Structures are given as C-alpha cells and as structure tokens.
Amino acid sequence: METTALPAFRKTTETFTSGAKTLPRRYFVSPEVFAREQDRIFAAQWVCVGHQSQIANPGDYFVQDVAGESLLITRDQKRTIRGFFNVCRHRGTRLCEDSSGHSSTIQCPYHAWTYALDGRLIGAPHMEEDRGFQKHDYSLGAVQTALWEGFIFLNLADQPRTVEEVFAPLAGKFTHWNLPQLRSAKRIAYDVGANWKLIFENYSECYHCPGVHPMLSKVSPYDSAVNDLCEGPFLGGFMAITKGTSLTMSGDACALPVGDVKGEDHARVFYYSFFPNVLLSMHPDYVMVHQVWPQAPERTLISCDWLFHPKAFERADFHPEDAIEFWDMTNRQDWHVCELSQQGIASRAYRPGPYSPRESIPAAWDREYLRHVD
Amino acid sequence: METTALPAFRKTTETFTSGAKTLPRRYFVSPEVFAREQDRIFAAQWVCVGHQSQIANPGDYFVQDVAGESLLITRDQKRTIRGFFNVCRHRGTRLCEDSSGHSSTIQCPYHAWTYALDGRLIGAPHMEEDRGFQKHDYSLGAVQTALWEGFIFLNLADQPRTVEEVFAPLAGKFTHWNLPQLRSAKRIAYDVGANWKLIFENYSECYHCPGVHPMLSKVSPYDSAVNDLCEGPFLGGFMAITKGTSLTMSGDACALPVGDVKGEDHARVFYYSFFPNVLLSMHPDYVMVHQVWPQAPERTLISCDWLFHPKAFERADFHPEDAIEFWDMTNRQDWHVCELSQQGIASRAYRPGPYSPRESIPAAWDREYLRHVD
Amino acid sequence: METTALPAFRKTTETFTSGAKTLPRRYFVSPEVFAREQDRIFAAQWVCVGHQSQIANPGDYFVQDVAGESLLITRDQKRTIRGFFNVCRHRGTRLCEDSSGHSSTIQCPYHAWTYALDGRLIGAPHMEEDRGFQKHDYSLGAVQTALWEGFIFLNLADQPRTVEEVFAPLAGKFTHWNLPQLRSAKRIAYDVGANWKLIFENYSECYHCPGVHPMLSKVSPYDSAVNDLCEGPFLGGFMAITKGTSLTMSGDACALPVGDVKGEDHARVFYYSFFPNVLLSMHPDYVMVHQVWPQAPERTLISCDWLFHPKAFERADFHPEDAIEFWDMTNRQDWHVCELSQQGIASRAYRPGPYSPRESIPAAWDREYLRHVD
Numbered sequence: 000m001e002t003t004a005l006p007a008f009r010k011t012t013e014t015f016t017s018g019a020k021t022l023p024r025r026y027f028v029s030p031e032v033f034a035r036e037q038d039r040i041f042a043a044q045w046v047c048v049g050h051q052s053q054i055a056n057p058g059d060y061f062v063q064d065v066a067g068e069s070l071l072i073t074r075d076q077k078r079t080i081r082g083f084f085n086v087c088r089h090r091g092t093r094l095c096e097d098s099s100g101h102s103s104t105i106q107c108p109y110h111a112w113t114y115a116l117d118g119r120l121i122g123a124p125h126m127e128e129d130r131g132f133q134k135h136d137y138s139l140g141a142v143q144t145a146l147w148e149g150f151i152f153l154n155l156a157d158q159p160r161t162v163e164e165v166f167a168p169l170a171g172k173f174t175h176w177n178l179p180q181l182r183s184a185k186r187i188a189y190d191v192g193a194n195w196k197l198i199f200e201n202y203s204e205c206y207h208c209p210g211v212h213p214m215l216s217k218v219s220p221y222d223s224a225v226n227d228l229c230e231g232p233f234l235g236g237f238m239a240i241t242k243g244t245s246l247t248m249s250g251d252a253c254a255l256p257v258g259d260v261k262g263e264d265h266a267r268v269f270y271y272s273f274f275p276n277v278l279l280s281m282h283p284d285y286v287m288v289h290q291v292w293p294q295a296p297e298r299t300l301i302s303c304d305w306l307f308h309p310k311a312f313e314r315a316d317f318h319p320e321d322a323i324e325f326w327d328m329t330n331r332q333d334w335h336v337c338e339l340s341q342q343g344i345a346s347r348a349y350r351p352g353p354y355s356p357r358e359s360i361p362a363a364w365d366r367e368y369l370r371h372v373d
Numbered sequence: 000m001e002t003t004a005l006p007a008f009r010k011t012t013e014t015f016t017s018g019a020k021t022l023p024r025r026y027f028v029s030p031e032v033f034a035r036e037q038d039r040i041f042a043a044q045w046v047c048v049g050h051q052s053q054i055a056n057p058g059d060y061f062v063q064d065v066a067g068e069s070l071l072i073t074r075d076q077k078r079t080i081r082g083f084f085n086v087c088r089h090r091g092t093r094l095c096e097d098s099s100g101h102s103s104t105i106q107c108p109y110h111a112w113t114y115a116l117d118g119r120l121i122g123a124p125h126m127e128e129d130r131g132f133q134k135h136d137y138s139l140g141a142v143q144t145a146l147w148e149g150f151i152f153l154n155l156a157d158q159p160r161t162v163e164e165v166f167a168p169l170a171g172k173f174t175h176w177n178l179p180q181l182r183s184a185k186r187i188a189y190d191v192g193a194n195w196k197l198i199f200e201n202y203s204e205c206y207h208c209p210g211v212h213p214m215l216s217k218v219s220p221y222d223s224a225v226n227d228l229c230e231g232p233f234l235g236g237f238m239a240i241t242k243g244t245s246l247t248m249s250g251d252a253c254a255l256p257v258g259d260v261k262g263e264d265h266a267r268v269f270y271y272s273f274f275p276n277v278l279l280s281m282h283p284d285y286v287m288v289h290q291v292w293p294q295a296p297e298r299t300l301i302s303c304d305w306l307f308h309p310k311a312f313e314r315a316d317f318h319p320e321d322a323i324e325f326w327d328m329t330n331r332q333d334w335h336v337c338e339l340s341q342q343g344i345a346s347r348a349y350r351p352g353p354y355s356p357r358e359s360i361p362a363a364w365d366r367e368y369l370r371h372v373d
Numbered sequence: 000m001e002t003t004a005l006p007a008f009r010k011t012t013e014t015f016t017s018g019a020k021t022l023p024r025r026y027f028v029s030p031e032v033f034a035r036e037q038d039r040i041f042a043a044q045w046v047c048v049g050h051q052s053q054i055a056n057p058g059d060y061f062v063q064d065v066a067g068e069s070l071l072i073t074r075d076q077k078r079t080i081r082g083f084f085n086v087c088r089h090r091g092t093r094l095c096e097d098s099s100g101h102s103s104t105i106q107c108p109y110h111a112w113t114y115a116l117d118g119r120l121i122g123a124p125h126m127e128e129d130r131g132f133q134k135h136d137y138s139l140g141a142v143q144t145a146l147w148e149g150f151i152f153l154n155l156a157d158q159p160r161t162v163e164e165v166f167a168p169l170a171g172k173f174t175h176w177n178l179p180q181l182r183s184a185k186r187i188a189y190d191v192g193a194n195w196k197l198i199f200e201n202y203s204e205c206y207h208c209p210g211v212h213p214m215l216s217k218v219s220p221y222d223s224a225v226n227d228l229c230e231g232p233f234l235g236g237f238m239a240i241t242k243g244t245s246l247t248m249s250g251d252a253c254a255l256p257v258g259d260v261k262g263e264d265h266a267r268v269f270y271y272s273f274f275p276n277v278l279l280s281m282h283p284d285y286v287m288v289h290q291v292w293p294q295a296p297e298r299t300l301i302s303c304d305w306l307f308h309p310k311a312f313e314r315a316d317f318h319p320e321d322a323i324e325f326w327d328m329t330n331r332q333d334w335h336v337c338e339l340s341q342q343g344i345a346s347r348a349y350r351p352g353p354y355s356p357r358e359s360i361p362a363a364w365d366r367e368y369l370r371h372v373d
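Residue numbers (numbering that gives the first Met the number 0), protein chains in the order written: chain L, 0 to 373; chain V, 0 to 373; chain W, 0 to 373.
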C-alpha cells in the first residue's frame, strides 16, 4: 500500500459548523428561483454535455438541451468541436430532430437552407434573387465549447471565464484516471420528480446509505467517507471498498482498470460533484458520470454514463452490466428519497432542518449554490 | 308510526326568496378564489378526514391531503387520535408513503430519524455529535384533531373554535343513528371535473332527479323532500322511500338497521351537508358519507364510504354491494351533470341564473359559503 | 384553352419587398399575444364553422368551439341557421354534449329546461311558482351567423360588419365553383403542436415543397405558383398540375367536376387563405377546406374537409379516398415542419429571418395579421 503517494487524500479535519441548515422552501418550489437559476447558473456557467468520444469523427453530432435551449454539438472538418443553437436563421425551424447522428452539412428540413459544420450558411435557394441578402449575415448562432479531461463543456454566456481558469483548482488531480480516453458502454436517462439541488445534496453524503442502500452499505461502509474537497464548486472525496474489488453486483471488477490506479485506490471509490451539473464517480474499473438537467422546480432529468477503458470493450472479461446494474439500482434508490424530500419540502410545515455532522458537504454545496443565485 | 317522536322533522315552511341566483362565474374558475377558499375555508375550518374505526388500535394510521398538505392521522399508545404534518424535521422528507398502515413508530425513510406516535423525536443518528442539537426542538408539526359522533375532524388553524362549539346546533340530533359504532364496508374515490361547490349545490336539491336519476326517482319521489335545516353550515332534510325498504338495487334493506331507527324513519332517507366537506346520507340500513376535496377550480376529489352496523358484517343477510351499486350509479349521474355545469359556467355567456323554488337549499349553501370567503 | 375567360388570373407582378422578415418570437409563444388574438380576431371577426350541408334539415345541429366558447349551430323550423352559446340560462350547464345531431328542441340534461330551435325558453319546471320569473328573460345567448357561398360563418362581436361587406372583394370570383351545393365526404381533425400563424405561413408558399412534399412536387411544380390576391384578408392564387388530371394518389380525377371548371383550370389547383381561419383549396374534382382553430400559443386544432359534387356520391367512378389520402399525407408533412418551426422559434437565439422572394404571400399575411392585433 502506497499511502505516501496520495498526500492529497489524507484524512482532513472537515469543519463541521453546528447550526448549518437546509435551504428554505422557496429554493425548491419557486418558479422565480428556478428561472433565476437557469439564467445565472445554467446559462452562465460551464456545463458538461458529454464526452469527446461521442463525436469521434468530423460530421458526428449530438443534441443537448441546456437552459431550455436545444444545442447542436458537432465536430467540424478541422476536428474542432463546435456548439450551435439548433435553429435555422431563415424561419427559425429546428434543424436536427435526432438526438445524435452524422452529417457532412447541416440542412434545414423546411426550405433546405444549408450550413457547413463550422456554422457558415452555404446554401439558401432563391435568396440570390434578393440583392440585399448576404449569406455571411446568416451563420448559425454559436455557443462556446471547451474540453476538460475529455469531457465537452459549453457555456451560453457571451464572455465566460475560460475552462482552464475555472478548473485550475483541479489541475493534475485527475490525470492518472485516463479520462480523455474512456468510452461509454451505456447511458441511462432518469426523469426524477425532485428539484435538482436535492440530487446534489443526496450525492454529497452517505448518512442516508444504511437505510436507503442496503447492498452498497454492505461493501462500502457509510462511515468510511473521507472528503478532500470541502468548499467551492468542486466537492467530494472517497469511500472504502471493504468487500470485493469494485462496486458491482458480483463484487468483482468487471473490466480493465480505467487508468493508472495505484495502491489503496484499488479499494476506493472517488465521488466528486462539479458545480453545477456533474457527478463524477471513479471506481478502479469504471467511471460513472451523471449530468443533472433541471426541468422545473420539481423535476430533473439525469443522464448517467458508465465509461470504461477503450481496450476493455474487446476483452472476454468485460462485463459492464455488472457495474450498470449495481448503480442503476442504487441510483433509483436515491431518486426515490429525493422525490420524497421534494414532496415534504413543498409543505407549509417545512422549515430548514439541521444538517448533521455527516452532512458537511451538502452544506458546503448549498453555500456554493447561494454564491451564484443570491 | 310515531310521528310525535320526531318533532324536529315536521314539515317546515321554507323561505323561498324569489330572485336568488347562482354564484358569478369567477367563483368557479378563478385560481385566486380557489386559493382564498383553501386558505379561509379548508385551512381554517374543521374538516372531516374519516371515521375512528379506520384507526381502531394504537399505531394504526392513515394519510389525508387537506389544503395541499399531506397529513398523518394516527392513534398513539394512549389511544389518543393525533394529526401531524407528514414531513420530517431533518431534511423535509415525506415520512409515510402508504395511504394507511400500522407502525409502532414513525421513521423517516431517508436518514432514519424516528418519532413516537405522539410526535416526539426519539431517534436521530449522529446528532448527539452536535452539541447544539436538542431532540425536543424537533417534534413533528401537529394539527388539531377532534371527534364528532365517531368522525375524525381536523383543523389547520392555530386557534380554531372547538368542535363542540361548532357542532352545538346539532347536539343530540344524530345520537340515535349510532354513528360512532359504524364501520365502512367500502370506499370509492371519484375524480370529478367540476368545482367543489357544484357538488354541494347538486346534493342540496332534488329538482334534477327526474331527468338525472330515473331509478332513484321511481322509489323516492323528487317532490317528497322536506328540509329541516335551512340556513347555516348544516343544511338538509329527508325524502320518502315509497317503494321497497331502502335505497338499493333490489329495493330491499341490505343490512341490520344502523341504529335506533324509529317509526316513519324506516321509510325515509336523511340528507345533510356539513360545511365545508361532508355529505351525510342516512338510510335505515346504512350511512353514506362523502368527503369533498377541492383540487383546483375545475377539479374535485370525492371519497364515498358506505358504513354499516358492526354486527351486520357477520350475518348472512349482509349485502352491502346492493347499496354500494345503487349509489355508485347515482353518484356518477350527479358527477356528470356537475361536470357539464362546470363546462358551461366557464363561458363568457354564463350569467348567474335564477334558482327555482325547489332550490332553496343550494341558495342557502351559497350564502353560507359567501360568509366565509367574501 | 380559354385563357381569355380568366382575366382575373393572369400572372400579376407581385411586389417583392427585400427586407421583409418573419414575426418576432413573442407572437408565437406569448400567452398575452394569444389572448389578444382570441379577443381581437377570433372573437371579433367572421370565422368559418362549417358548410350548410352539415345541417340540411330543421333540427340538425353541430357544436363548434370558437375563442374558447362552445357554440351550438342549428337550423330552426323556418330553416334559418342560428348560433347559440351552448350554456343553459338556469345554472349554466352545457346543453349539448354530442358534436352533432338532430333534435326538435334543446333540452338541458340537468333540470330539463327546454328551448326552441330559435333559442326561446319554452319549458322550465316549477318556475311558474316564482311570480318574478318570466320565460322571455331567459332565451339562449345568440351569436350572429351568415352564409358565404354555402359556408357558415359566425361572429361573436356585438355589432360586426356584415359578411357581404367583408367578402365584397371576392364578389363573383368563386361562383362557378358551385360551392353552396357541395358536400363533405370526409373530415379529418389534426392536433398540431404549432402556433396557428405558422399554419397560414406554411400554406402561403411553395418554397418548401421540394424538400417537404416530394410527391406533390412531382405533379405540381413549386415554381408554377401564380398569385392573384396579394394583399389583405384574402390571399392566394394557383399552381399547375403538370402530370395527371388532379392531385390524387393515382393522379386521376376521382369524382365529377365540382363546378363549371373551364379551360386551363382543369390543370390548376387554386389555393386561397381567408383571414383568420380558412384555407380553401379548389381542385377540378374536389374542394378541400381547412378550418384553423388556435388552442394555445403552441397548439392548433385543424379540421380538414374534402367536398365533392353532390351527384358524385352516387356514381361508380367516385373515389374520394384517392384525394383524401393524397392530402392527408401532404397535410401531415406540413404540420411536421410547422411543429419544427415552433420549436426553433421558442429559442432565445431566434431572430426574425428574411423572407425569400418566393415568400411574398406569407409576408402579406403577416401584414394583415398585424393590422388586427397591434
């Protein structure tokens, strides 16, 4: 065991502040708060929309809704990843109906206006008869995109801080996990009847694990949690795997190690939340990534990907369903209690309740949230 | 026949006021009026939520929504009936998901905080690590409950008038019906596309019976109605049964008499509405109780129970379905015309229309309603 | 070919104004704009609700929703077509539940108040006991109706301009089409997820035909369009049929000529929109009529009738399905791109886009629309 190789993950003394309470009711039910969040957070911060492996080749694309906008993410002929509003400049028609695909151009299904993969309008029948019309005035609306460790982020703001600047606190921390090379074996989409903040608060503590996750608790004790990112937009730490070699139905690792996993990390699961829409869960043999997409005060869409080493896919010992089934079960247990919380918080009887000493990370997440929205 | 034994039920001269009209449109379609009703009536008056026989033993409970709140009604170890908001004091989670059940404590499904049946917090894992935390600060939110003739009423107001005071006008009037001892054989829930006030206005007159209820009209003539409670929160009277011995599909009584039914009452059905949410219909052999629960200006949930003498259940001559089928059919006929009224009243062409001389009770009900909401 | 017989349909020089743009976003998504449209247009203008052949005999009726109101259109004993609010004057109950039927009187299903076909209250049980009550005070609410070329129009305004005045610009133009005598063989109702204005803009140009309607484009070239009504509430023109003898799946005419179709018109389809709710498409052998009914900013109901010569119905060469199938397919292609436009226009990235030289009629329709709503 090489504990000295992991200085960042020593048990830190977390500050537990007696008196920290859950957020007031309005944050979970108010349409006005929801609109402000969409505006100040989801339309202003870098949000993760997927992984570069989803659009490996020029012409590959996928569509993702962000802050009520349908966005088209594509790789152009120069292999640059681009983001566009999925809206024709002629009469406003939705351009791509499929959730993903491949195409050498972007053509409107209504009047056949055609755009290059870099967004330039390159075809508009009969518009040459209008002398006032210039194609270069009608490029697709663009949004900024960037990569972090192979994940695609985009930002609807006009002049956002760079991804490099935002992610500077994490520099080097995840390098050995080999994230840019991984590939998803499965995506499951969940439609959850709960406010998106309840999803983060749920992910950020294991105080609930004994009652909610009997199977997880048996192999990864709730009181083994150690947090090393305790304040700010990036929060989390790790827990021990005390039985078996990974979190799977069988208890065995189900694939090649994802990266350069060393020493004690073979018996650890790392859980980090990235404000505002990512949950990143790293196991020795797979990485699980949740994208969290608020739809309404009381409704959230969540997509969950299970990523594996690209070479794992070709091997006989590859059993991704062993990991998928474990976490699909565990995810659903979490969504259920989040939905119960949403129901109770909507009551006039709800008052902010006391966070326990085991809930310092949810409290920190709430503080980060309030920095953005208040 | 002992008519002298029933002085209260002599034919009264009802005051018919020419010129009484139905309520203006806004009372049936406005979200603002609906919110005011929920606030000033359903969250301020005593409302019936069930019968004590539903929670006969300590630990029995059921859940009922009132004015948008999920409430937990339980009988504690001292056999006291209690009402609580169904909301955990820790993170606001809904405590009970089932509509009814039995449990020796109330435990939150999220982090296992545990409450006694009297609402005291008796378990909160790890909270002892927080020196500022005191269990007695986190009892369940309580609501006032009371019994009237075996029916459970609750009140969301902080300092309501007592049930005894409110029900004083009915003192002794229903004693011989044996209501506290009865038991429900069946509950049917109806989801009706009409404002809740239309349900009361419909129940309060038999002017509609010839066209709407052909079977009922044959055995209980619409013009036999005699009202003895003609103004205020309690309204109604009785009608004659002129064929058969009860209102059932067969025409025969289907169970033991519910109480000490005397003389002419063997050939009468008594219909009373209790403002704001009860319809009480007493037949010689069964009592039907509707609970009326407004959901939206144009939607109302109605639960209907058929209650019988507890000894009736064990006898060979017990045929509750004979009564249930009769009234389920009749109920649905009523809900249908209420839905048609809702549709028409939403029109810009609707104007308050003239109540007929046969509709003095609906007019009185409207007056009582306006006392609360205006 | 008798082109001289058709002076009105000579190729006109349409004015194409470079710079005309689509309407701003709010016109397609705002509930306030929608309410204003319902008020200023659909409750203020003459709208088509059907054809006189639907109520050929006294007592025939049908029901149509206009501007949120359920209206009853009937033919009275004197053969006059009448329009009434479908609302009883007693307690506001919806009178007719069926979408069409035949009845010698109009009787309320609740308390049996009965009206003559001309709207007079002729029966109200027990109301004679109320000396203040006068039947003549409680006639059904009437709306104005009128005929134009056999089509029934109605108007919710108190003092609208006459239909004769409104339709004066079309005097004589459609006489030879024999419209009053036609009969519908089929009605299809479509529920479209798009603003109603997108339906008109779509109908008013064939710039979209090559991509959206491959089959139509083969037999009626998109660039054959000639418009002869280019400004105002009535807009449109004709296109050539260059293959076959009508627009049908087989390419053959499927019925007797509808009217006195002359010369080149045997190879033409005439397309006209009547503000605010009619699309009238005249083929040699059938007339297609769309009624457009806005339901919400992003939802429109459309009914489509296929009308034929009354003598066609009895003949062996009558194949209405040949025309119905062709346009049902083509209609659905149109609704789909309208729905895509609705989706894209809802985006914050949408900006009014440039109408092409082939879209002068949509631009003219928008101008007419703005005259009513701004």
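Keep in mind that the hints were calculated from the coordinates and are not lab data. All figures in this text were calculated on a predicted structure; none of them were measured in a lab. One or more hints might be untrue.
[As the list claims (entries may be wrong)] Below, computed lysine-lysine pairings styled on DSSO-like, alpha-carbon distance capped at 30 Å: (1) L/Lys242 x L/Lys185; (2) V/Lys172 x V/Lys217; (3) V/Lys20 x W/Lys134; (4) L/Lys134 x W/Lys20; (5) V/Lys172 x L/Lys20; (6) W/Lys261 x W/Lys172; (7) V/Lys134 x V/Lys242; (8) V/Lys242 x V/Lys310; (9) W/Lys134 x W/Lys20.
Right, here's what the structure says about each hint:
For the proposed pair lysine 242 of chain L and lysine 185 of chain L, the alpha carbon gap of about 25 Å is at most 30 Å, so the pair holds. Our distance criterion of 30 Å between C-alpha atoms is met by lysine 172 of chain V and lysine 217 of chain V, whose separation comes to about 29 Å. For the hint pairing lysine 20 of chain V with lysine 134 of chain W, the CA-to-CA distance comes to about 15 Å; that is within 30 Å, so the pair holds. Distance hint between lysine 134 of chain L and lysine 20 of chain W is fulfilled; the C-alpha atoms sit about 15 Å from each other, no more than 30 Å.
The straight-line distance between the Cα atoms of lysine 172 of chain V and lysine 20 of chain L is roughly 52 Å, outside the 30 Å bound, and the hint therefore fails. A distance of roughly 14 Å separates the Cα atoms of lysine 261 of chain W and lysine 172 of chain W; the hinted pair therefore holds under the 30 Å criterion. Only pairs whose Cα atoms come within 30 Å are accepted, and lysine 134 of chain V paired with lysine 242 of chain V is rejected, the gap being roughly 63 Å. Annotation: proposed proximity of lysine 242 of chain V to lysine 310 of chain V holds, straight-line Cα distance about 26 Å (limit 30 Å).
Among the hinted pairs, lysine 134 of chain W with lysine 20 of chain W is inconsistent with the structure: their alpha-carbon atoms are about 56 Å apart, more than 30 Å.
Of the numbered hints listed earlier, those contradicted by the structure are 5, 7 and 9.
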